[in-house]
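Novice: Assemble chain S onto chain D, guided by the hints.
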Amino acid sequence: MAEAAISCRAAPGWRANRWFGWAALALAALPLLAVLATLLEAGAESDSEVRSHLATLLPELLANTACLAAGVGVTALTLGTGLAWLVSQYEFPGRRWLDWALVLPLAVPAYVLGFVLIGLLDFSGPLQTALREWGLGSGWFPAVRSGGGAALALSLSLYPYVYLLARNAFQTQGRRLLEAARSLGDTRRAAFFRVVLPMARPWLGSGLLLVLMETLADFGTVAIFNYDTFTTAIYKAWYGLFSLGAAGELASCLVLLALLLLAIEQRQRSRQRYAFNARGRAADGRTALRGPAAWTACVACLLVLAAGFLVPVGQLLLWALQVAAEDLDERYVDYFLNSLALGGLGAALTIAVTLLLAVARRRSRGPAVTWAVRFATLGYAIPGTVLAVGIATPLAWLQNRLADWTQAAFGWEPPTLLGNSLAVLVLAYLVRFAAVGYGAVDSALERITPSMAEASRSLGVSGFAMVRRLHLPLLRGGLFSGALLVFVDIMKEMPITLMVRPFGWDNLAVRIFEMAAEGQWQRAALPSVALVLLGLVPVALMVRAGEQKSW
Amino acid sequence: MLKHCCVVLSGWILLAATAWGEEVVVYSARNEQLIKPVFDAYTKKTGVKVKYVTGEAGALMQRLKAEGAKTQADLLITVDAGNLWFSKQESLLQPVKSAVLEQNIPAHLRDGEGQWFGMSVRARTIVYNKNKVQPSDLSTYQALTDAKWKGRLCLLSGKKVYNRSLVAMLIAQYGAAATKEMVKGWVANLAAPPFASDEQALKALAAGQCDAAIANSYYLGRELKHHSDWPLNIFWADQASGGTHVNISGVGLTRHAKHAKAAQELMEWMSGAEAQALFANVNMEFPANAAVAPAPEVAAWGTFKQSTVDLNKVGELQPDAVKLMDEAGYK
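Each protein sequence line maps, in turn, to chains D and S.
Those letters in the first sequence? Residues 1 to 551, per this note's numbering, in order.
Those letters in the second sequence? Residues 1001 to 1331, per this note's numbering, in order.
Some hints could be false.
On the chain D side, residues computed to face chain S include the following (Cβ under 10 angstroms) [to be verified]: (1) 48; (2) 242; (3) 256.
Quick list of the computed label-pair ranges, beta carbon to beta carbon [what the hints assert, rightly or not]: (4) S:1227 / D:148: 24 to 30 angstroms; (5) S:1290 / D:328: 52 to 58 angstroms; (6) S:1227 / D:317: 16 to 22 angstroms; (7) D:330 / S:1229: 31 to 37 angstroms; (8) D:60 / S:1178: 48 to 54 angstroms; (9) D:328 / S:1136: 42 to 48 angstroms.
Rough simulated footprint, nothing fancy, chain S against chain D, three-plus residues with beta-carbon under 8 angstroms [to be verified]: (10) 75 to 84; (11) 115 to 123; (12) 155 to 167; (13) 226 to 238.
Since the hints were made in silico from the structure, they are not lab data.
Cβ coordinates follow ideal geometry from the N, Cα and C atoms, glycine included.
So that you can see chain D by itself, here it is in the shape it has in the complex (with noise of 0.2 angstroms):
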């Protein structure tokens, strides 16, 4: 982190490249402004009796939101971190292929996953009907339909935010700092315990971040298990109340919320300095168990995959092929394909955008910049729907005022809305998702040491030369990884899209929402299924590319 001190008045592509660095700035924090502006503005005429309705109810759902995020990140992060462990440092049978199919549970979104998981485990399901025919009872059965069941489903798809970070840490930390450890009379677990986790730590801390944001701002897995959280106010108050107002207000705490996470998470994390060698890679030598251990370490992570993945995407292949002959028609082609473009085209904004964000941050130390930085990352923290509504509201104003200029000007007005336009629903994905990849991108630029920065500097390579030849080379597996995270994000994305689409760009998603939007789930695996398949297609890529090189 000690490069971005370095005075770099003297080289002279620094200029335009901070230019970039705040065009990315405006880009992403902005429109984010504009959300809250709106959000705001709108919540100051929302009316006190409403107010004080919401005021009542608002102990039980902090509570009930409390728990879930608790639940949520303590068991996202012991799955992400153990397995993530388990992969880099033993040789067990499967572990060549468990080590990227563990991402998999990623492609699942958690609403679909949830679906499931009621659908196999409440009282109707075929489990507990097995259960009642055996003559067990079903009556000692863990209700599914509650806050457990909420966090085991968004546990289950969030967890790979915190396994590919921990795994890209594990991997680049190297055998040497754990042999350090160990020569200096650590046994393995206490190495772990002492040395390992600590120094993944900012890895570890972005991974839970963005797990506990998305915990925060999710809405359709919680509606599923009809579990009570803030978000739940945020709806109650739009759609049930009428009032935008109130749930502009109560988006707006949780933009504070995940701002105070968001300090809290920095702070820890300033404190240490965390510059790895690239070099020191785990596959140089894994432990290789044996026996009992062998097989309980494949089976553990089988058994997270089987119930993140296989058995729901099971479930949705029995589903889709049963509706399959009435529904799949030729538009889908055009719903995998809008899926795949505005993913790719969001992914590749976002990582542009973030990547000048974190570099920016890096090189100008002020408190403004590095503030201004982290609230452009805030966006995550909101509901979908209701950031939509945000970016939506000021975009048609905006334009409406172009327009009536025009119509004065010249006589003419633009024929199409801007805010039906793609540009902006990439914008809003950036504005979502910014995130996503700020956590990626940032992590992966801890990886450069000051000393690289100031070697190339001395062999006269600065400027765009060093972020082209020296960031960029070392920089590609994070990129690459946070790129695969928006871009899957982006196709689970519903809200969003459905709100700011131009005419003709349904995808995915928003067939998934046409099913499910009137409780007709089973006719949403089809595109469920679907939407997975595509977001296999980057992990495959991953994968490929990991064969070659770490990413």
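Specialist: Just chain S now, with coordinates in the frame of chain D:
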């Protein structure tokens, strides 16, 4: 040769002109699979192109509001009286004066000023498990609060719009205090925590988790189509009193419609026999046009007395219903 070319060319131009000129833009909170057949049939018949975008009602109404006078939307289609009332309240719609619509759609299923018109009717009533309940055990929504129903009731979440409308209607009929007691009575009789969809509740009812549920009629129709062995049957609630609660999906002309005439023609066509059969029967709902027969499976349930509480009133009372259910502990 030249003549042929001219004919072909002018034909093309004519086609292009109709495709370009005649178009209606629709924002729809009713799902694509339920409206597309209707629009396809219209385009086939008249050549008028229908462009639509679907989404959640709240988000679409907000989008319409934000776009203001520059909106592309000509029609707003949404489900639930609350959303239609709110659209009117927010001045998103404009009155339509049409003899065709007034003749086809009964007065209690349309706005008095012509700002919106119901297109299909969904009844929210009692569904019971035939193996456990006799129809003679059932009568009203109110009767389900009786202590003999303890632990036997499956209900949809109170946050869903169908229940908001049902409770709003009950408030209009019986007043807030009595309705609150009723809701508390239901909650006390629940067999399981409220479900996230009517579909889930009916599944639990069929599996024997409970003995009776309150659900929209078309969910039962849909489920029985796929599971003809389920021991479920419908019971029309409140026949001796105010009538079974009905809700609608409906359509309104937007305030700033650019193709108002074409849009009104589409609305009128949608209220007619051919479209009504498509619009309602594709989802096993009841056609709003009383002259059109419902799907055979639906017709088999018999006719029933509908509640005629003003649907605008039901919409207006929705916020009260939400608060009341919160206070009664209905999740």
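Novice: Look at each hint and say if it fits the structure.
Specialist: Now the hints, each set against the structure:
1. 48: Violated: closest Cβ of chain S sits about 13 angstroms from residue 48 (chain D), beyond 10 angstroms.
2. 242: With a closest approach of 5 angstroms, the residue 242 (chain D) hint holds.
3. 256: 23 angstroms, violated
4. S:1227 / D:148: 24 to 30 angstroms: 29 angstroms, holds
5. S:1290 / D:328: 52 to 58 angstroms: The hinted range 52 to 58 angstroms is violated for residue 1290 (chain S) and residue 328 (chain D), with Cβ atoms some 37 angstroms apart.
6. S:1227 / D:317: 16 to 22 angstroms: With Cβ atoms ~20 angstroms apart, the hint holds.
7. D:330 / S:1229: 31 to 37 angstroms: 35 angstroms, holds
8. D:60 / S:1178: 48 to 54 angstroms: 26 angstroms, violated
9. D:328 / S:1136: 42 to 48 angstroms: 46 angstroms, holds
10. 75 to 84: With 0 residues closer than 8 angstroms to chain S, the stretch 75 to 84 of chain D misses the three-residue bar; violated.
11. 115 to 123: holds (count 3)
12. 155 to 167: Violated - the stretch 155 to 167 of chain D has 0 residues with a Cβ nearer than 8 angstroms to chain S, which falls short of three.
13. 226 to 238: holds (count 6)
Hint check: violations occur at hints 1, 3, 5, 8, 10, 12; the rest are consistent with the structure.
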